[in-house]
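Protein chains in written order, with the working numbering: chain A, 1 to 179; chain B, 1001 to 1181.
These are computed hints drawn from the structure, not numbers from a lab.
Please read these numbers as outputs of a predicted model, since none were measured by experiment.
Don't take each hint at face value.
[To be verified] Taking lysine-lysine pairs in the DSSO-like style, the calculated list, with each CA pair at most 30 Å apart, reads: (1) K58/A / K1068/B; (2) K108/A / K58/A; (3) K1072/B / K58/A; (4) K1163/B / K1072/B.
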Amino acid sequence: MSGHELHPLVKQLLDGDITLADLPAELRAEGEAALRLLAGVDRTDVSMPAVTWRVMAKLERRRRRFLPWLLAPALAIAAALVIWLVPRTPAPASLVTVRFVLVAPDAKQVSLAGTFNHWDLQATPLVRAGATGVWTATLTLPAGQHQYAFVVDGARWVPDPGAPAIDDGFGRRNSVLTL
Amino acid sequence: MRSGSQATDGDIVRAVLAGDRERYAQLVERYRDRYARYATRMLGSVDAAEDAVQDAFVRAYDQLAQCKEPDKFVGWFFLILRNRCFAERRRNRTSASLEAANDVAAVDRADGGAEAAERRRALQLALLELTADQREVFVLKHVEGLSYGEIAERLSTSIPSLKMRMHRAYDKLREQLRDHT
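Okay, chain A solo, but in the shape it has when bound (with noise of 0.2 Å):
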C-alpha cells in the first residue's frame, strides 16, 4: 500500500459501508482522519431566487429582441398618446385603421411593438411631425385586443399614458388596444 493511498477498508468507512468500530485497531487512527476530512464538506442550502426572473427575462428579451428592460423607464419623455379611429372605407369590416401617436420630443426614433407585428422593434417606425416632437403610425389592424408599447431609440419601451395596460408576466406593463 502506497503512503499516499488510503487503506481499501478506510476507503469502505468513508463511504458508509462500515463504521469506526469495523476496522482493525491498527487502522482506526487513520480512519479517524479520514472522517475528519469529511467534516469540512460544505452543505449548506444555496437559493438562488433570482434566477427565475433572470430566465424569463431573457426568454422574454430575446423573443422581443428589445435590449433589457431593467433600463427601460421612460425617462424624460413627456408622453402622451391620441388614438383616433379613423374609419377608411376600403377596409373590410373586421379591420380597423388605428392613429398611434406619442409625444417624445428628445427623441431620435421611436417605433411601435406589439402583438400585431411580433413585438419587432424594426416592422412599424414611427415618422416625426416636423418640430414638434410628435410621432405618429397609422396601422390598420384586425379588430379584437392588441398589446404594445412604445420603442423610443431603440431602447426604451413606453407604455402608452393614454391606454389601459396590463402586466406582461415579467414586471412591466403593455398597453392594450382592443377593437
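Since the structure of chain A is already known, use the hints to place chain B on it.
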C-alpha cells in the same frame, strides 16, 4: 389538467410546448434551488453557479421539444446543467479557486469557529483540484447525500465505476489535506 400548483412536470412541459411559455417559470421555480448547491460546489462560486443554472434553464427551454419523457424533465434538465458545469470548469478554473475560498469564508463568518472554517476552506479548494468526474461523484454523494445507486441511475453509469472515481478522489483529497487531518 391539474391546477398550476399541482401540475406535474409533464403537464407543464406539454403546456409550454403548446404555446403557454410563461408556465416555464413554474419549472424554473420548482428546480432552481434543488440544483443550486450542486452547481455551486461543482464550480466553486455562487456567481458562476447562478449563471450556469440560468443558462441551463434557457438551454432546456430551447431544447424542450427534445425532452422525450416530459414527466422526467428534472433528470433531463440535470444532464444539461451538468454539461454546462463541466464546460464552465474547463474554461475558468483559476478564478473559481479564488472565489471558492471567498464564498466559503463568507459562510464561515456566519457559522463561527476558526478551525471548522479552515477545514471547510481547505476542502473546498482541494475539491477544485479533483477532475470534474471525481468532483462530481464526491459532491453528489457527500454534499447532496445520494447513494451510489442513485448517482449511477442519474448519470447512467455503473456503481463500480463510480466507486473507482470516488476512491481516487479520496486519495487525492487526503494528499491535498495532509496538514488538515
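Outcome of the hint check:
1. K58/A / K1068/B: Status holds; Cα separation ~25 Å.
2. K108/A / K58/A: holds, 26 Å
3. K1072/B / K58/A: Distance of about 24 Å is within 30 Å: holds.
4. K1163/B / K1072/B: holds, 26 Å
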